[in-house]
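S.K.: Read off the chains here:
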Amino acid sequence: MEKDFEILDHTADVGIIAYGADLKQAFANAAKGLFSLITELDDVEEVLCRDIELTASDEESLLVGWLNELVYRFDTEGVLFKRFDITQLGDTRLKARSYGEKADSAKHSLKTGVKGATYHMLKVDKTDGFRVQVLFDI
Amino acid sequence: MSAPWKEIVRKIDDYRWEIPTSYKAGMTVPGLIFTSESMLDHIWEEQVFEQVANVAFLPGIVRNSLAMPDIHWGYGFPIGGVAATRVKDGVVSPGGVGFDINCGVRLVRTNLTEDEVRPKIEQLVNQLFVDIPSGLGSEGKIRVKEKELEEVMVRGSRWAVEKGYGFPEDITVTEESGSMKGANPDKVGSKARKRGIPQLGTLGSGNHFLEVGVVDELYDAEAAKAMGIEALGQVLLLIHTGSRGFGHQICTDYVALLGEAVKRYGISLPDRQLACAPISSSEGRDYLAAMSCAANYAWANRQFILHWARESFARVFGKSQQELGMRQIYDVCHNIAKLEDYTINGKKEKLCVHRKGATRAFPVGHPDVPDIYRSIGQPVLIPGDMGRYSYVALGTEAAMKETFGSTCHGAGRVQSRGAAKRSLRGADVARALADRGITVKAGSLASLAEEASEAYKDVSEVVDITHKAGISFKVARTKPIGVVKG
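Going down the list, the sequences are from chains G and L.
The numbering of the first sequence is our numbering, which starts it at 4 and goes up by one.
The numbering of the second sequence is our numbering, which starts it at 95 and goes up by one.
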């Protein structure tokens, strides 16, 4: 796979199309795409990790739920994540460990605030490789 | 060759364009877009028609899926959309309000003139930037406890004023008197609370801002005078922000919850972000109770910010609050769902009016218009982009009849944030604004490029359409001289 994710232009908001050799990787790359909107990932080091576990009614809801959980973690703990290890991913359940560090204004420039992931234009595509698409309200 | 939209929309008059129900199977009412012919080309390219049509699927929608002239492509609902649903058999949709519940605008008059403020504008903008927390990741100067947060959820601006932030008069000129009824903190989850506590009293980032503007046009001097806008050259302050992470999380939680309810109630929707539930169902009622908590949080937020802004002005100009005459003109919300009474086919009906990027515009004599404005109508506050103008207008009887008492809310984007950033650099935008006499202080230069004038429609064109269509009347225009961006 050449690239992990692409930014999808939208008039008011921004989307991500993420790729992977499997769905776990595509979900991980979508999360990486999310944090690339918030900050420069090159400036972020892996000094802490957080475990996330969630359930949802289907894969699409799981994707939105996963990204919204990360938005929540950033908003409440100030953690910038850069690497994501999805350890379990079924139709309704996700388990992941995410690595990053607390945002520090001396080290990280914060770019765009993300309010949340939406269900608009949401896609989980497994037909030709693994590809997921999500639009954020920013 | 004629534009493709010409085969779809039916022209009613120069400012009203209908999307018939035949456009898409599943629409129960036609779409109605308030716009001009020249703006339709762009609207068409953006697939806004599709979104207006999708909203027309909502069970219980009355009359039309409406779009204001600042309409642009949103997620689910278009931004600049208005949809009214019957309370007795219709639905409420969190996506029809959006993530930033009660994002809104507060306008404040001053006794200051441009001549007095210009020499100190840099100092003023810097002082506002210091006194009012803004930008991504910023935290408020006040830290409420969980119990106090619940007070904020229920009582909004009133709580802030009782704690010494502002005056009782501010509340009388705030939509819903700054505290919406029906708020129930039990319906707000722990995540929203955790996001809400540190962010109370912050401006935020993105398109939120403080604008110091100068009155440069008066269209209705008498109405302007009733609002305390007396002369050209007078300085006004505009505050644009909402319910921050607190509202965002409530939207997130309820879109997920109502996404499941949609299946239970057998509602068929063309877009999952339109997730909804009957207003009479427990899910629908719970959303409205939680949404009202976020609306009240936003009103308290703007109340705190107004208080600090008054202090900033007092410090910079060395004058007392009295001398500055910083009376609040009005405060409107433009992302909300509200239960309001309308006459439909000769019968009084209670409707749930979703305003997603639209401003309430009630007419002369309406009981919800504050006493001091009862004879002129409700003030409507329409911020533009940071380089052009902002407008003050008034609600009308035509808005009551056609748009469920609603009008436009701003300029409306035409260019994506990515495209704006690629074509413009923040530093160049700041310089271009400085050349036009506008001092800007922003948390990040990238955010400045994203919000450049070029990324927006011309607000004057938008406001002219609402004026000519009669859904709000222009009163005054301001041009910015100082802007604080998150």
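One or more of the hints may lead you astray.
[To be verified] Distance condition first, Cα-Cα at most 27 angstroms in a straight line; then the derived DSS-like pairs of lysine-lysine:
hint, chain 1, residue 1, chain 2, residue 2
1, L, LYS357, G, LYS129
2, L, LYS235, G, LYS105
3, G, LYS27, L, LYS535
4, L, LYS182, L, LYS275
5, G, LYS27, G, LYS85
6, L, LYS444, G, LYS105
7, L, LYS118, G, LYS126
8, L, LYS288, G, LYS85
9, G, LYS105, L, LYS288
10, L, LYS444, L, LYS182
Everything labelled a hint here was simulated from the structure, so no lab data went into it.
Keep in mind the model is a prediction, meaning the values are calculated, not measured.
S.K.: With reference to the structure, classify each hint as holding or not holding.
M.R.: Hint check results:
no.	hint	verdict
1	LYS357/L to LYS129/G	holds (24 angstroms)
2	LYS235/L to LYS105/G	holds (21 angstroms)
3	LYS27/G to LYS535/L	violated (42 angstroms)
4	LYS182/L to LYS275/L	holds (19 angstroms)
5	LYS27/G to LYS85/G	holds (15 angstroms)
6	LYS444/L to LYS105/G	violated (49 angstroms)
7	LYS118/L to LYS126/G	holds (22 angstroms)
8	LYS288/L to LYS85/G	holds (23 angstroms)
9	LYS105/G to LYS288/L	holds (17 angstroms)
10	LYS444/L to LYS182/L	holds (8 angstroms)
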